[in-house]
Amino acid sequence: MKQIVLLGLLVSSFVGCTKYNAVDTGLAQKKFPGNMYEYLHSDSYNWDSLLMFIDYLGLEEYFTGKKAGYEEITFFGPTNHSIRRKIYDKFTWSPTWQKVYVYHSVKEFIEGEGEEYCRQLILSHIVKGKYEVKDIPRGTDDDEESGVVFTSASGTKFRVYSFQEPYEKTPKAGPVVLYVRGGKSMNNKIDVASTDIEPTNGIVHSLAYAFTLGQF
1 MKQIVLLGLL
11 VSSFVGCTKY
21 NAVDTGLAQK
31 KFPGNMYEYL
41 HSDSYNWDSL
51 LMFIDYLGLE
61 EYFTGKKAGY
71 EEITFFGPTN
81 HSIRRKIYDK
91 FTWSPTWQKV
101 YVYHSVKEFI
111 EGEGEEYCRQ
121 LILSHIVKGK
131 YEVKDIPRGT
141 DDDEESGVVF
151 TSASGTKFRV
161 YSFQEPYEKT
171 PKAGPVVLYV
181 RGGKSMNNKI
191 DVASTDIEPT
201 NGIVHSLAYA
211 FTLGQF
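Numbering follows the numbering used here, in which position 111 of the sequence shown is assigned residue number 111; successive positions increment by one, without gaps.
Don't read these hints as lab results, they were simulated from the structure. Since the model is a prediction, treat every value here as computed from it, not as a measurement. Here a beta-carbon is modelled for each residue, glycine too, at the ideal position from N, C-alpha and C. Misleading hints may appear alongside valid ones.
Pairs of lysine to aspartate or glutamate residues, derived as DMTMM-like cross-links and limited to a Cα-Cα distance of at most 20 Å, are as follows [what the hints assert, rightly or not]: (1) Lys31 to Glu198; (2) Lys184 to Glu144; (3) Lys184 to Asp141.
Taking CB as the label site, the calculated pair distances span [unchecked claim]: (4) Val149 to Glu108: 32 to 40 Å; (5) Lys134 to Glu111: 37 to 45 Å; (6) Ser44 to Glu108: 36 to 44 Å; (7) Pro95 to Asp141: 43 to 51 Å; (8) Glu72 to Asp143: 26 to 34 Å; (9) Glu38 to Ala68: 19 to 27 Å; (10) Val148 to Lys184: 14 to 22 Å; (11) Pro95 to Ala173: 31 to 39 Å; (12) Val149 to Glu198: 17 to 25 Å.
Please model the complete structure; the sequences and the hints are all you need to start from.
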């Protein structure tokens, strides 16, 4: 009986630790043995729609390290959820009050909105150089001078700051996370869900699923 109780406690302890690491941190540096383009291909659940943009618009060289001046990049990546939300943002109402979507695929969206517009959407998430979480200064949402302001490959600017979350009731004892302030007046607050993914030619910070493409 004692053995069963001890085993139960051990399993409970292991599960608790695993849950904390998966939900609260997500920050451990994850090296990928290939370039960023290859990394995106390795995770279809998150990046399939992005790859359709990249391939259709001929942006591969930014992600393979072959683009002059962008041999190493940091990519604040919009996942499939973010891209689908943008694609299905435009709709009309049928006579029976059902949504009729204007676009049904990435290809339709690009052809409808224009290649240059869509190219800028993707390039706005790319900055030159490698920036891990440890390279981003601490900041807060309301302090516009905190963190660091990046200029993207499209020429737009956005602010990124790191913040150490509390753990239980202890301030600054939890994981260090990233937040982005983007948009024309940097008034869109964007959560970064997963950080420091490291292909051979840069760093990927994956944006939260609630982000909608275009908020940069």
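Verification of the supplied hints:
For the hint pairing Lys31 with Glu198, the CA-to-CA distance comes to about 5 Å; that is within 20 Å, so the pair holds. Straight-line distance between C-alpha atoms of Lys184 and Glu144 comes to about 14 Å, which keeps the hinted pair within the 20 Å bound. About 16 Å separates the Cα atoms of Lys184 and Asp141, which keeps this hinted pair within 20 Å; it holds. The supplied range of 32 to 40 Å is met by Val149 and Glu108, whose beta-carbon atoms lie about 35 Å from each other.
Evaluation of the 37 to 45 Å hint for Lys134 and Glu111 yields a pass: the beta carbon distance comes to about 42 Å. Between Ser44 and Glu108 the CB atoms are about 20 Å apart, so this pair departs from the stated range of 36 to 44 Å. Taken as a hint, the range 43 to 51 Å holds for the pair Pro95 and Asp141, whose Cβ atoms sit roughly 44 Å apart. Distance hint check: the CB atoms of Glu72 and Asp143 are about 29 Å apart, consistent with the given range 26 to 34 Å.
Between Glu38 and Ala68 the beta carbons are some 20 Å apart, a value that agrees with the proposed interval 19 to 27 Å. Remark: the range hint 14 to 22 Å for Val148 to Lys184 is upheld by a beta-carbon distance near 19 Å. Separation of Pro95 from Ala173 is about 57 Å and departs from the stated range, judged on CB atoms against 31 to 39 Å. For Val149 paired with Glu198, a C-beta distance near 23 Å keeps the hint of 17 to 25 Å intact.
Consistency note: the structure conflicts with the earlier hints numbered 6 and 11.
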